[in-house]
Amino acid sequence: MEAQDARQKDEKKTAEDKESRANCERAQTYLKSLQMGNRIARNDPKTGELIFLDDPDRPAEIAKAQQAADSWCK
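In my numbering, the protein residues as written are 61 to 134.
Hints in this document: simulated from the structure, not taken from any laboratory.
Take these hints with a grain of salt, some might be off.
List of simulated lysine to any residue pairs, SDA-like, C-alpha gap at most 25 Å [stated by the list, open to error]:
| id | residue 1 | residue 2 |
| --- | --- | --- |
| 1 | K134 | Q68 |
| 2 | K134 | M61 |
| 3 | K72 | M61 |
| 4 | K69 | K92 |
| 5 | K78 | R118 |
| 6 | K124 | Q88 |
| 7 | K92 | M61 |
| 8 | K106 | S131 |
| 9 | K78 | P116 |
| 10 | K69 | Q88 |
| 11 | K106 | Q88 |
| 12 | K134 | E62 |
| 13 | K73 | R86 |
| 14 | K78 | S131 |
| 15 | K106 | M96 |
| 16 | K78 | Y90 |
| 17 | K124 | E85 |
| 18 | K92 | E121 |
| 19 | K92 | A129 |
| 20 | K92 | K73 |
| 21 | K72 | A129 |
| 22 | K92 | F112 |
| 23 | K92 | E62 |
| 24 | K134 | P116 |
| 25 | K78 | Q68 |
| 26 | K134 | N103 |
| 27 | K72 | E62 |
| 28 | K124 | M96 |
| 29 | K69 | K124 |
| 30 | K92 | D130 |
| 31 | K124 | G108 |
| 32 | K92 | D117 |
It should be emphasised that the depicted structure is a prediction, and the values quoted were computed from it without experimental measurement.
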């Protein structure tokens, strides 16, 4: 019984580590895209219309992306 619990804990830890690495990679990729000046598009939550990130909004988005990358990439 203890061996099974230990194995389940190891499997859960492995899955969490894998998810954290994937989230870190996504956050870093998004941050690099913002820093390189790539056009970023999103759907407007109210209308569903495709909108692009404006240049004045980019610094705030970079700060949020940096915070996410710092959080995931420990």
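So, going through the hints one by one against the coordinates:
1. Annotation: proposed proximity of K134 to Q68 holds, straight-line Cα distance about 24 Å (limit 25 Å).
2. The hinted pair formed by K134 and M61 fails the criterion: a straight-line CA distance of about 33 Å is larger than 25 Å.
3. In summary, the hint linking K72 to M61 is supported, as the alpha carbons are separated by about 17 Å, within the 25 Å threshold.
4. This hinted pair does not check out: K69 and K92 have alpha carbons roughly 34 Å apart, beyond 25 Å.
5. Pair hint K78 plus R118 does not hold up; C-alpha atoms about 30 Å apart against a cutoff of 25 Å.
6. Distance check on the hinted pair: K124 and Q88 sit about 12 Å apart at the alpha-carbon level, within 25 Å; holds.
7. Distance restraint check for K92 and M61: the Cα-Cα separation of roughly 47 Å exceeds the 25 Å cut-off, and the hinted pair is therefore not satisfied.
8. Annotation: proposed proximity of K106 to S131 is violated, straight-line Cα distance about 29 Å (limit 25 Å).
9. At most 25 Å may separate the alpha-carbon atoms for a hinted pair to count; K78 and P116 exceed this at roughly 35 Å.
10. Note on K69 and Q88: the hinted pairing is violated, with a Cα-Cα distance of about 28 Å set against a maximum of 25 Å.
11. For the given pair, K106 sits about 28 Å from Q88 by alpha-carbon distance, which is inconsistent with the 25 Å threshold.
12. Simply put, K134 and E62 have alpha-carbon atoms about 30 Å apart, too far for the 25 Å limit, and the pair is violated.
13. Simply put, K73 and R86 have alpha-carbon atoms about 20 Å apart, close enough for the 25 Å limit, and the pair holds.
14. Among the hinted pairs, K78 with S131 is consistent with the structure: their alpha-carbon atoms are about 15 Å apart, no more than 25 Å.
15. Only pairs whose Cα atoms come within 25 Å are accepted, and K106 paired with M96 is rejected, the gap being roughly 29 Å.
16. Proposed proximity of K78 and Y90 is supported: the alpha carbons are some 19 Å apart, at most 25 Å.
17. Taking the CA atoms of K124 and E85, the gap is about 15 Å. The hint holds against a cut of 25 Å.
18. Taking the CA atoms of K92 and E121, the gap is near 12 Å; set against the 25 Å cutoff, the hint holds.
19. About 10 Å separates the Cα atoms of K92 and A129, which keeps this hinted pair within 25 Å; it holds.
20. Distance restraint check for K92 and K73: the Cα-Cα separation of roughly 28 Å exceeds the 25 Å cut-off, and the hinted pair is therefore not satisfied.
21. In summary, the hint linking K72 to A129 is supported, as the alpha carbons are separated by about 22 Å, within the 25 Å threshold.
22. A C-alpha spacing of about 17 Å is found between K92 and F112, which places the hinted pair at or below 25 Å, so the restraint holds.
23. About 45 Å separates the Cα atoms of K92 and E62, which puts this hinted pair outside 25 Å; it is violated.
24. For the hint linking K134 to P116, the alpha-carbon distance of about 29 Å lies beyond 25 Å, and the restraint is violated.
25. For the hint linking K78 to Q68, the alpha-carbon distance of about 15 Å falls within 25 Å, and the restraint holds.
26. About 30 Å separates the Cα atoms of K134 and N103, which puts this hinted pair outside 25 Å; it is violated.
27. Between K72 and E62 the alpha-carbon distance is near 15 Å, which keeps this suggested pair within the 25 Å criterion.
28. Restraint check for K124 and M96: satisfied, since their Cα atoms lie roughly 16 Å apart, inside the 25 Å limit.
29. Using a Cα cut-off of 25 Å, the hinted pair K69 and K124 is violated, with the two alpha carbons roughly 32 Å apart.
30. Distance check on the hinted pair: K92 and D130 sit about 13 Å apart at the alpha-carbon level, within 25 Å; holds.
31. As the CA atoms of K124 and G108 are separated by approximately 22 Å, the hinted pair is consistent with the 25 Å bound.
32. About 16 Å separates the Cα atoms of K92 and D117, which keeps this hinted pair within 25 Å; it holds.
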